[in-house]
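Generate coordinates for the entire structure from the input sequences, incorporating the hints supplied.
Numbering-wise, the sequence shown is residues 1 to 454 according to the working numbering.
FYI, nobody ran anything at the bench for these hints, they're computed from the structure. Hints are not guaranteed to be accurate.
What the hints assert, rightly or not - The calculated DSS-like cross-link candidates involving lysine-lysine, where the alpha carbons are at most 30 Å apart (straight line), are:
#, residue 1, residue 2
1, K127, K269
2, K230, K267
3, K105, K141
4, K42, K75
5, K33, K257
6, K272, K379
7, K230, K33
8, K318, K257
9, K105, K42
10, K219, K105
11, K308, K207
12, K257, K42
13, K272, K325
14, K404, K230
15, K75, K178
16, K269, K78
17, K404, K269
18, K178, K325
19, K267, K318
20, K404, K362
21, K297, K207
22, K323, K431
23, K379, K127
24, K267, K404
25, K387, K404
26, K96, K78
27, K105, K318
28, K42, K96
29, K75, K308
30, K318, K362
31, K75, K257
32, K404, K272
33, K257, K362
This structure is a prediction, so every number in the text was calculated from the model and none was measured.
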Amino acid sequence: MAVWSVTNVIEVINNRRIDSEFFHPIYIQAEDKVLAVNDNKKLGQLGEFLVGPFGSAFHVSNYDPTSPYRYIRGKDVKPFTLLDEDSVFMPEVDYKRLEKYAVQKDDLLISVVGTLGNVAIVPEGIKGIFSCKSTVFRKAKVDPYYLLAYFNSMYGRDCLLRRQRGAIQAGLNKDDLKTVPIPVFPDKENEIANMIRLSLQLSEDSKTFYRQAQALLEKELGLTELVLDKPRSYEATFSDLVNSSRVDAEYYNPQAKMIYNASCFQKYKTIKDMFYILRGQTPSVYFNEGTPVLKTKNIRIPIINDLKIEDYSNLSKKHITIKHKDLILASMGVGSLGRISYVFDDSSNAIIDGTLRILRVKDGFDEQIIPTLLFLTSKYGQILIYKGIIGSTGIISLPDNHLKNIRIPIIDSVIAKEITSLVISSYNAKKESEQLSEQATRRVEELIERGIGE
1 MAVWSVTNVI EVINNRRIDS EFFHPIYIQA EDKVLAVNDN KKLGQLGEFL
51 VGPFGSAFHV SNYDPTSPYR YIRGKDVKPF TLLDEDSVFM PEVDYKRLEK
101 YAVQKDDLLI SVVGTLGNVA IVPEGIKGIF SCKSTVFRKA KVDPYYLLAY
151 FNSMYGRDCL LRRQRGAIQA GLNKDDLKTV PIPVFPDKEN EIANMIRLSL
201 QLSEDSKTFY RQAQALLEKE LGLTELVLDK PRSYEATFSD LVNSSRVDAE
251 YYNPQAKMIY NASCFQKYKT IKDMFYILRG QTPSVYFNEG TPVLKTKNIR
301 IPIINDLKIE DYSNLSKKHI TIKHKDLILA SMGVGSLGRI SYVFDDSSNA
351 IIDGTLRILR VKDGFDEQII PTLLFLTSKY GQILIYKGII GSTGIISLPD
401 NHLKNIRIPI IDSVIAKEIT SLVISSYNAK KESEQLSEQA TRRVEELIER
451 GIGE
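Here is the structure:
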């Protein structure tokens with residue numbers, strides 16, 4: 001169905017825009033609703049902007065993993081928060097040189113290149129520089145946490161995206177950001193802002209619970225004391241090649257043997273002892289509705305990312321449906337192979353495609369499921385997984401005959417239950433955080449809709 005952008009000469013002159021996207025009906029409708037609120041201001045009236053340094057000001061080849069100074073890339077700016085799973089850091093000398101671009105607590109970072117319109121707030125304790133792909137908004141005259149809720153609402157996001165420019169690579173510039181309309185609700189601002197504050201605190205609590213579970217597992221297994229040497233070369237005998245049917249050097253990396261020689265492996269089971277390994281099947285055709293199909297991109301540690309589910313099937317009876325307590329392993333793809341999600345909630349009745357494997361627990365091993373997840377997703381478990389990969393040039397996979405023989409150290413029942421409790425607490429805190437942020441953005445949307453014609 002075609003969508004027409006309709007405007008007139010006066011609007012074109014007033015906005016100094018002739019691109020049809022600026023006058024898209026969805027954007028116009030969103031902005032009209034915001035402007036209909038009795039009290040609204042332009043973003044430029046409410047604070048200050050700081051544009052990031054030129055891209056050439058700092059080269060990625062200079063990353064320093066030992067430095068405390070973070071380099072915040074465009075891809076680190078997500079809705080509400082900064083991504084901290086893959087942070088990179090810069091040398092102190094570069095930080096000092098670019099210190100005028102240092103982020104401050106409660107700065108709003110707006111992504112202006114790449115994925116446009118993401119807005120995150122800078123938490124306390126972050127020392128770092130932001131890149132040219134973001135713009136900072138600071139010293140807000142209204143609560144920045146309220147602004148965060150607004151920009152992540154349907155109306156705020158549309159008002160931001162309306163101002164993008166460029167054909168080959170779209171972007172948002174400072175002058176256009178200054179014109180973004182902001183609805184002001186003095187009586188409701190604190191209520192909404194505090195919901196976002198609590199949401200972000202719960203998100204941090206979730207991360208803390210999960211880190212505690214990881215630390216408890218590593219302490220119990222004694223793996224933190226294990227020193228993994230990185231030899232420049234290693235050897236294998238002809239009989240090793242014959243028995244394993246493998247001639248690739250990576251398979252004979254001695255680090256896996258070092259891990260298996262650790263004292264915690266005096267008591268172990270293989271994956272095939274503990275789990276049934278179920279292979280996914282890729283549907284021959286996808287639909288816009290029906291049974292959700294999980295793919296590699298949906299597998300995150302430790303939770304399935306159901307926001308990225310885009311494909312559905314109506315042939316679910318021929319496929320394997322996920323169940324509560326399943327582990328779902330990404331068995332293909334550079335950068336994704338080895339990721340594992342735990343099924344906390346199977347209400348979606350989703351199925352898996354051919355790039356995934358389900359590890360479904362056998363009787364007697366329930367309390368070892370989450371410790372297994374934590375072990376396999378640790379650097380030690382990943383070494384054991386990647387020992388068996390096959391393929392190259394971007395297409396890699398994990399054969400089932402290697403997966404089933406990976407050894408899993410069995411830990412004390414009391415510790416296993418404590419680890420499981422921490423991970424479940426992490427999940428519950430994350431879900432509560434998401435619910436609060438959704439409530440806050442919905443509250444903003446309701447106030448905007450109610451403000452029309454008042």
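Does the alpha-carbon distance linking K230 and K33 stay inside the 30 Å limit?
60 Å, violated
Are K96 and K78 close enough, with their CA atoms no more than 30 Å apart?
Roughly 26 Å separates the two Cα atoms, so the pair holds.
Are the Cα atoms of K105 and K42 separated by 30 Å or less?
23 Å, holds
Are K267 and K404 close enough, with their CA atoms no more than 30 Å apart?
Holds, at roughly 17 Å.
Starting from K127, check that the Cα of K269 is at most 30 Å away, please.
44 Å, violated
Assess, step by step, whether the Cα of K178 is no farther than 30 Å from the Cα of K325, and give holds or violated.
49 Å, violated
Does K318 sit within 30 Å of K267, going by the straight-line distance between their CA atoms?
38 Å, violated
Checking one constraint from the list: CA of K75 to CA of K308, max 30 Å. Satisfied?
16 Å, holds
Below or equal to 30 Å on CA atoms is what counts here, so check K230 against K267.
26 Å, holds
Assess, step by step, whether the Cα of K318 is no farther than 30 Å from the Cα of K257, and give holds or violated.
Roughly 40 Å separates the two Cα atoms, so the pair is violated.
Has the given pair, K269 with K78, been kept, meaning a C-alpha gap of at most 30 Å?
40 Å, violated
Quick one, are K33 and K257 close enough, alpha carbons at most 30 Å?
Violated, at about 64 Å.
When each numbered hint is compared with the structure, violations occur for hints 1, 5, 7, 8, 10, 12, 16, 18, 19, 27, 28, 31.
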